[in-house]
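*Asks:* One letter stands for each residue in the lines below.
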Amino acid sequence: MLILLLIGSSLFMGISYRAEQIDNQLGGDLKPGLGQHALKLDAIIVSPDGVGLPKGSGTVLEGERLYKVRCAHCHGQEGRQRGNRLVGGIGSLVTDHPKKTVGSYWPYATTLYDYIANAMPYNEEKSLTSSEVYAATAYLLYLNDILEKEASLDQTNLALVVMPNRNGFIELAQ
Amino acid sequence: MSEFVAGGGLINRRAWVKGAGMGAAASFLVPAAATEDWMTHAGQAQNAYGSPSAFSRIRRERTGGHPFAPAAGSSSTPLQKLNGTITPNSLHFERHHSGIPAIDPARHTLTIYGDVEKPIRFKYEDLLAYPMESHVYFLECSGNSFRNTFSKPADMTAGSLNGLVSSAEWSGVPVHYLLDEAGVKPGAQWVVAQGADAAAMSRSIPLQRIMDSVMVALYQNGEPIRPSQGYPMRLFVPGCEGNISIKWLTNLKVQSTPAYTRDETSKYTDLLKDGSAEMFSLEMEVKSVITSPSGKMTLNRKGVYEISGLSWSGAGAIQSVEVSADGGNTWAQAILQSDPKAYALTRFRIPWRWSGGSAVLQSRAMDVRGNIQPTRDLAIQKYSAAGLYHYNGIQSWKVTSDGRVQNVYV
Numbered sequence: 775m776l777i778l779l780l781i782g783s784s785l786f787m788g789i790s791y792r793a794e795q796i797d798n799q800l801g802g803d804l805k806p807g808l809g810q811h812a813l814k815l816d817a818i819i820v821s822p823d824g825v826g827l828p829k830g831s832g833t834v835l836e837g838e839r840l841y842k843v844r845c846a847h848c849h850g851q852e853g854r855q856r857g858n859r860l861v862g863g864i865g866s867l868v869t870d871h872p873k874k875t876v877g878s879y880w881p882y883a884t885t886l887y888d889y890i891a892n893a894m895p896y897n898e899e900k901s902l903t904s905s906e907v908y909a910a911t912a913y914l915l916y917l918n919d920i921l922e923k924e925a926s927l928d929q930t931n932l933a934l935v936v937m938p939n940r941n942g943f944i945e946l947a948q
Numbered sequence: 402m403s404e405f406v407a408g409g410g411l412i413n414r415r416a417w418v419k420g421a422g423m424g425a426a427a428s429f430l431v432p433a434a435a436t437e438d439w440m441t442h443a444g445q446a447q448n449a450y451g452s453p454s455a456f457s458r459i460r461r462e463r464t465g466g467h468p469f470a471p472a473a474g475s476s477s478t479p480l481q482k483l484n485g486t487i488t489p490n491s492l493h494f495e496r497h498h499s500g501i502p503a504i505d506p507a508r509h510t511l512t513i514y515g516d517v518e519k520p521i522r523f524k525y526e527d528l529l530a531y532p533m534e535s536h537v538y539f540l541e542c543s544g545n546s547f548r549n550t551f552s553k554p555a556d557m558t559a560g561s562l563n564g565l566v567s568s569a570e571w572s573g574v575p576v577h578y579l580l581d582e583a584g585v586k587p588g589a590q591w592v593v594a595q596g597a598d599a600a601a602m603s604r605s606i607p608l609q610r611i612m613d614s615v616m617v618a619l620y621q622n623g624e625p626i627r628p629s630q631g632y633p634m635r636l637f638v639p640g641c642e643g644n645i646s647i648k649w650l651t652n653l654k655v656q657s658t659p660a661y662t663r664d665e666t667s668k669y670t671d672l673l674k675d676g677s678a679e680m681f682s683l684e685m686e687v688k689s690v691i692t693s694p695s696g697k698m699t700l701n702r703k704g705v706y707e708i709s710g711l712s713w714s715g716a717g718a719i720q721s722v723e724v725s726a727d728g729g730n731t732w733a734q735a736i737l738q739s740d741p742k743a744y745a746l747t748r749f750r751i752p753w754r755w756s757g758g759s760a761v762l763q764s765r766a767m768d769v770r771g772n773i774q775p776t777r778d779l780a781i782q783k784y785s786a787a788g789l790y791h792y793n794g795i796q797s798w799k800v801t802s803d804g805r806v807q808n809v810y811v
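So the protein lines, in turn, are chains Z and D. Going by the working numbering, the first residue of the first sequence is number 775, and it counts up by one from there. Going by the working numbering, the first residue of the second sequence is number 402, and it counts up by one from there.
If you are wondering where the hints come from, they were derived from the structure by calculation, not from laboratory data. Source: prediction; values computed, not measured. In this text, a Cβ means the ideal position worked out from N, Cα and C, and glycines have one as well. Errors might be hidden in some of the hints.
[As the list claims (entries may be wrong)] Stretch by stretch, here's where chain D covers chain Z in the computed footprint (C-beta under 8 Å, at least three residues):
| hint | region |
| --- | --- |
| 1 | 820-829 |
| 2 | 834-846 |
| 3 | 860-872 |
| 4 | 916-925 |
| 5 | 935-947 |
[As the list claims (entries may be wrong)] Listed next, with one range per pair, are the computed distances between beta-carbon atoms:
| hint | chain 1 | residue 1 | chain 2 | residue 2 | range |
| --- | --- | --- | --- | --- | --- |
| 6 | D | Ile773 | Z | Leu804 | 41 to 51 Å |
| 7 | D | Gly584 | Z | Pro828 | 22 to 32 Å |
| 8 | D | Gly771 | Z | Leu813 | 47 to 57 Å |
| 9 | Z | Asn897 | D | Gly584 | 51 to 61 Å |
| 10 | D | Gly474 | Z | Ile864 | 23 to 33 Å |
| 11 | D | Ala455 | Z | Ile864 | 26 to 36 Å |
| 12 | D | Ser491 | Z | Ile864 | 53 to 63 Å |
| 13 | Z | Gly824 | D | Leu529 | 49 to 59 Å |
| 14 | D | Phe469 | Z | Pro828 | 40 to 50 Å |
| 15 | Z | Thr903 | D | Thr699 | 16 to 26 Å |
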């Protein structure tokens with residue numbers, strides 16, 4: 775713990791040292807200082823610990839209904855459209871034809887919320903309510919055998935979902 | 402003394418320049434004759450925005466998209482049709498995941514929030530008032546040259562194969578000025594950058610890197626950056642995979658961990674043979690490609706040609722480039738343009754005499770940190786057969802005895 779703290783603080787000192795140098799260059803009244811206090815923050819950026827998730831909730835069954843209308847024409851029934859699949863592929867990563875899907879590859883379930891909320895349905899982006907995004911997330915996790923058919927997701931339990939490939943990545947700290 | 406410096410016809414440049422000088426002297430004996438229209442009539446009047454000669458129709462290549470989403474796609478710089486090291490803005494490669502947004506800068510903002518003392522928001526106009534820097538940097542998509550990982554070599558041009566790399570002079574505001582204004586809190590280690598496009602492209606970048614070298618770019622080769630490059634503003638992370646230089650930049654969220662967004666987990670990670678995958682492989686590798694002669698060209702005479710190409714590295718400046726004309730048996734040092742810059746394209750050249758036989762042309766770059774561009778076999782060795790990103794193997798061009806040039810694996 776102490777070591778961690780030390781590393782943490784030395785890193786931070788590195789950064790603040792750099793900041794001081796800039797302060798010297800851009801001292802006092804040379805700083806434009808034009809940033810306005812941002813009171814309303816509406817961006818969606820969700821982390822694996824659940825920070826950034828909005829209120830709302832959705833079930834697998836609600837997600838199934840939504841998926842048929844809003845997603846299936848591009849991702850296929852049950853997410854198995856070739857070239858745009860979202861389901862299956864467990865065990866394929868070591869083969870010459872790996873299928874990287876939500877189920878076989880993605881390390882965090884929170885990423886699914888973040889991505890659907892920001893970037894899907896393609897060409898109608900950001901049109902889903904938070905509850906609809908939870909529902910679509912739940913349904914895709916159900917299709918990948920990660921959630922039960924009765925499951926419901928919300929702000930408090932999504933970050934608890936453990937993905938099959940959770941430990942499949944090596945982080946290169948760059 | 403022989404004119405050759407390595408096998409397959411590579412020539413000492415001084416021998417070549419001397420010979421060329423004599424040819425040029427002879428041509429002064431031909432008298433000029435004013436017989437062309439453009440010599441005898443005034444040309445077009447000046448205009449407000451220029452365009453290339455009607456005789457020069459250079460176009461981007463491979464402008465395709467996703468089968469279910471045509472505006473999720475890319476286009477490649479036609480490297481073999483350009484010279485020097487700067488990519489004209491209209492020919493810079495493109496890669497976007499939900500089209501090119503038409504952003505009105507008056508309605509666009511940049512917000513800095515998360516682990517900061519005070520979340521702040523900038524208008525486009527505000528940023529124009531901050532101190533700026535200008536740097537010539539390359540930008541390379543991490544998927545550049547992915548076709549060369551396929552089992553059979555694709556018969557394509559240098560641009561179609563390797564043209565997801567471009568270069569420009571980028572001008573903008575160092576991000577540390579803006580982060581300092583917001584006040585980064587202790588414990589913060591990452592910054593998540595997000596775009597205002599429909600895909601809301603989002604990537605996590607180490608805070609230290611942001612403080613050291615990253616800018617909010619506002620100008621590209623002197624003019625406001627193009628819509629397909631992020632107008633009105635983009636992040637620019639020198640030396641790193643293009644995807645993290647978030648275009649249409651609208652949010653910077655400071656935090657202690659990465660966000661593990663879709664485009665740093667599902668995509669832009671490097672699957673290895675054992676089924677595990679590398680993540681945050683941000684820096685691009687040392688790499689080079691001969692752009693002339695190159696794929697799909699035809700040599701229509703025997704004699705001397707200038708072999709010329711581009712080299713670059715995400716680790717810093719290029720140190721040297723070697724060229725082989727005999728498939729890698731012997732190598733000669735190419736001449737580099739003066740003063741290679743860090744994270745910039747460096748052009749190399751070497752004269753070569755083609756005597757009509759078949760030949761395999763290759764280039765191999767080394768950067769200032771001693772990284773050497775690997776052979777194709779080495780470059781793909783540890784990755785899954787379906788690896789797509791960060792391929793930097795040596796590009797081989799075969800010249801057949803009838804003068805055709807094509808992509809081969811050796």
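*Asks:* Please check whether glycine 824 of chain Z and leucine 529 of chain D have a Cβ separation lying inside 49 to 59 Å.
*Replies:* The hint (49 to 59 Å, Cβ to Cβ) is violated, given that glycine 824 of chain Z and leucine 529 of chain D are roughly 38 Å apart.
*Asks:* When I compare C-beta atoms, does the region 935-947 of chain Z have three or more residues closer than 8 Å to chain D?
*Replies:* holds (count 6)
*Asks:* Go check the region 834-846 of chain Z versus chain D for me, would you? Three or more residues, Cβ under 8 Å, otherwise it fails.
*Replies:* The restraint on the region 834-846 of chain Z is violated, since only 0 of its residues have a Cβ under 8 Å from chain D and three are required.
*Asks:* Does the hinted range 16 to 26 Å hold for threonine 903 of chain Z and threonine 699 of chain D at CB?
*Replies:* 59 Å, violated
*Asks:* How about the region 916-925 of chain Z: do at least three of its residues have a C-beta closer than 8 Å to a C-beta of chain D?
*Replies:* Contact hint for the region 916-925 of chain Z vs chain D: violated, 0 residues under 8 Å.
*Asks:* Okay, phenylalanine 469 of chain D versus proline 828 of chain Z on CB: inside 40 to 50 Å?
*Replies:* Given about 28 Å between the Cβ atoms, the range is violated.
*Asks:* Between alanine 455 of chain D and isoleucine 864 of chain Z, is the Cβ distance one that fits in 26 to 36 Å?
*Replies:* The hint (26 to 36 Å, Cβ to Cβ) is violated, given that alanine 455 of chain D and isoleucine 864 of chain Z are roughly 57 Å apart.
*Asks:* Mind checking the hinted window 22 to 32 Å against the Cβ distance between glycine 584 of chain D and proline 828 of chain Z?
*Replies:* At roughly 26 Å between Cβ atoms, proline 828 of chain Z and glycine 584 of chain D fall inside 22 to 32 Å, so the hint holds.
*Asks:* Is 53 to 63 Å a correct range for the gap between the Cβ atoms of serine 491 of chain D and isoleucine 864 of chain Z?
*Replies:* 45 Å, violated
*Asks:* Just tell me: holds or violated, for the beta carbon distance of glycine 771 of chain D and leucine 813 of chain Z against 47 to 57 Å?
*Replies:* Given range 47 to 57 Å: holds, Cβ gap about 51 Å.
*Asks:* Can the region 860-872 of chain Z be counted as covered by chain D under the rule of three residues or more with Cβ-Cβ separation shorter than 8 Å?
*Replies:* Since three or more residues must qualify, the claim that chain D covers the region 860-872 of chain Z holds, with 5 doing so at under 8 Å.
*Asks:* For isoleucine 773 of chain D and leucine 804 of chain Z, compare the CB-CB distance with the range 41 to 51 Å and indicate the outcome.
*Replies:* Given about 45 Å between the Cβ atoms, the range holds.
Going down the numbered hints, you'll see the structure goes against 2, 4, 9, 11, 12, 13, 14, 15, while the others check out.
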